[in-house]
Amino acid sequence: MTGTLTDVLVAVALLLVAAAATAAVLNRDPVRQALVLSFLGLSLALLFTFLQAPDVALSQLAVGSAVTPLMILLTVRKVRRRPGDGGPPQGGAGDGRRGAGRDGRPPR
Amino acid sequence: MSPRGRLGLFLAGAAVVAALFTVACLGLPPFGGAHHPYGDRAVRAAVRHHTSNAIASVNFDQRALDTLGEETILFSAVLGAVVLLRQTADERRHTPAPAAVRPPIRRFGLLMLPVALAVGLYVVAHGQLSPGGGFQGGVVVATALHLLYIAADYRALERVRPLRPYEIGEAVGEAAYVITGLAAVLAGSAFLANVLPYGTFATLSSGGTVPLLNAAVGMEVACGVVVLLAQFLDQAVQIEGADGGGSDDDGPRGPGRRERA
Amino acid sequence: MTVLPYLVAGWIFLVGVYGLVTSRNLIHAVGCLAVAQSSTYVLLLAVGYRRGGTAPVFSDVPPDRRVVDPVVQALALTDIVVGATVTALLLALVVQLRKRHGTVDPDALSDLKG
Numbered sequence: 030m031t032g033t034l035t036d037v038l039v040a041v042a043l044l045l046v047a048a049a050a051t052a053a054v055l056n057r058d059p060v061r062q063a064l065v066l067s068f069l070g071l072s073l074a075l076l077f078t079f080l081q082a083p084d085v086a087l088s089q090l091a092v093g094s095a096v097t098p099l100m101i102l103l104t105v106r107k108v109r110r111r112p113g114d115g116g117p118p119q120g121g122a123g124d125g126r127r128g129a130g131r132d133g134r135p136p137r
Numbered sequence: 034m035s036p037r038g039r040l041g042l043f044l045a046g047a048a049v050v051a052a053l054f055t056v057a058c059l060g061l062p063p064f065g066g067a068h069h070p071y072g073d074r075a076v077r078a079a080v081r082h083h084t085s086n087a088i089a090s091v092n093f094d095q096r097a098l099d100t101l102g103e104e105t106i107l108f109s110a111v112l113g114a115v116v117l118l119r120q121t122a123d124e125r126r127h128t129p130a131p132a133a134v135r136p137p138i139r140r141f142g143l144l145m146l147p148v149a150l151a152v153g154l155y156v157v158a159h160g161q162l163s164p165g166g167g168f169q170g171g172v173v174v175a176t177a178l179h180l181l182y183i184a185a186d187y188r189a190l191e192r193v194r195p196l197r198p199y200e201i202g203e204a205v206g207e208a209a210y211v212i213t214g215l216a217a218v219l220a221g222s223a224f225l226a227n228v229l230p231y232g233t234f235a236t237l238s239s240g241g242t243v244p245l246l247n248a249a250v251g252m253e254v255a256c257g258v259v260v261l262l263a264q265f266l267d268q269a270v271q272i273e274g275a276d277g278g279g280s281d282d283d284g285p286r287g288p289g290r291r292e293r294a
Numbered sequence: 143m144t145v146l147p148y149l150v151a152g153w154i155f156l157v158g159v160y161g162l163v164t165s166r167n168l169i170h171a172v173g174c175l176a177v178a179q180s181s182t183y184v185l186l187l188a189v190g191y192r193r194g195g196t197a198p199v200f201s202d203v204p205p206d207r208r209v210v211d212p213v214v215q216a217l218a219l220t221d222i223v224v225g226a227t228v229t230a231l232l233l234a235l236v237v238q239l240r241k242r243h244g245t246v247d248p249d250a251l252s253d254l255k256g
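Protein chains in written order, with the working numbering: chain D, 30 to 137; chain E, 34 to 294; chain V, 143 to 256.
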């Protein structure tokens, strides 16, 4: 009985991972991709837990859902920050925080 | 090659790979089967060496040399990123202004910071007993420090994170792993052999050299990830490029600038 | 269910490579590489799974308990952390490319070289 339950959970988690991976690839904007990658990391961690791999799940949780998306967001911010950009106009990647903190100084 | 041609080539290759991979999968032992010869042997070896987390035993005892290789990849990747992201002569550094943080976020962040740090250190320390170890715990410790960036601002993070000790810490972690291995040679055994007494099963000092190597990896991973994230944060927050395009004061080049452009 | 995990691993790999091939932004391409990389973890853990087995940790279960394969878990575990630092190296290369050539579009870069 618990065997079939585990099978169902593993199957659901597998489909979730496949869907998240597809969504991560199809999101062409790196900022949104970083968020979907974070969700992919979360669902992978769930799958690994169901597969009786808590060590790997912990590792995936820390790396996949935090460190990798953070580095992607920081890279996007660095790349889009330079003037004379001409790149995609959907700016503001990771800038929200800083923009909010910069008080009283109107952007020139 | 045109995008269309490239896509066509990919689809043709992918179809072949998919077909062959499916055939190979049908020939694999079914998912969840009972035949795991390597796993059974690894578990027996782990129990023989009094390491209750068989994964830690595989990583730091049975495959300790491979883990040295993995650790070296990590070390060189961090080194490479530091070299690539260093401040060049034509770049200037400006200090970000203090940021206003909403009080609930500040309180929650400052509350979670010690908790997350303690969890990370616990995960490193109990690597040979319970799920966890140097690799996972190191990442948790490193990310926990960055809660300070969320709870306060970049300058607060820079104050608790002078980069120099972390750079040294990373090198010390790598060196400690090699020295532990060489100590086994001096003790008259093979490189990275588990020469220490195995201790009592399921206690903190069990597993011989496993806790030592585990701690070395934990130190290296924690310091390495801190250094890595620091380089990216520096580039994204502090360092400005040379081709200023007419805005050569200390002003921020935030989203507002781009709106005008 | 006997082959579903393997097929899902294959799908993740192919979809990641598809993203790499069609990507117009190197940051997006690095993300796709991370996706393709995660397929190996799924495949490894699927190979090592054993029905009715628990995690290979013996702190509170007897050593003759039926457990899943620890070897593949050890392989996946180290690769996740090391893979993240390699991703960081690639992102650092993207930042450098942006500095030197002013673009992150791989097609524009190949035009540049001629």
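Honestly, the hints are just simulated from the structure, not real lab data. Computed from a predicted structure; not experimentally measured. It is possible that part of the hints are untrue.
As the list claims (entries may be wrong) - Computed footprint of chain E on chain V; a stretch qualifies when at least three of its residues, placed anywhere within it, have a C-beta under 8 Å from a C-beta of chain E:
# : region
1 : 144 to 151
2 : 167 to 181
3 : 184 to 196
4 : 204 to 210
5 : 215 to 226
For each residue, glycine too, the CB sits at the ideal point set by N, CA and C.
Status of each hint after checking the structure:
no.: 1; hint: 144 to 151; in the structure: holds (count 6)
no.: 2; hint: 167 to 181; in the structure: violated (count 0)
no.: 3; hint: 184 to 196; in the structure: holds (count 6)
no.: 4; hint: 204 to 210; in the structure: holds (count 3)
no.: 5; hint: 215 to 226; in the structure: holds (count 9)
The structure is inconsistent with hint 2 alone, although it conforms to all the rest.
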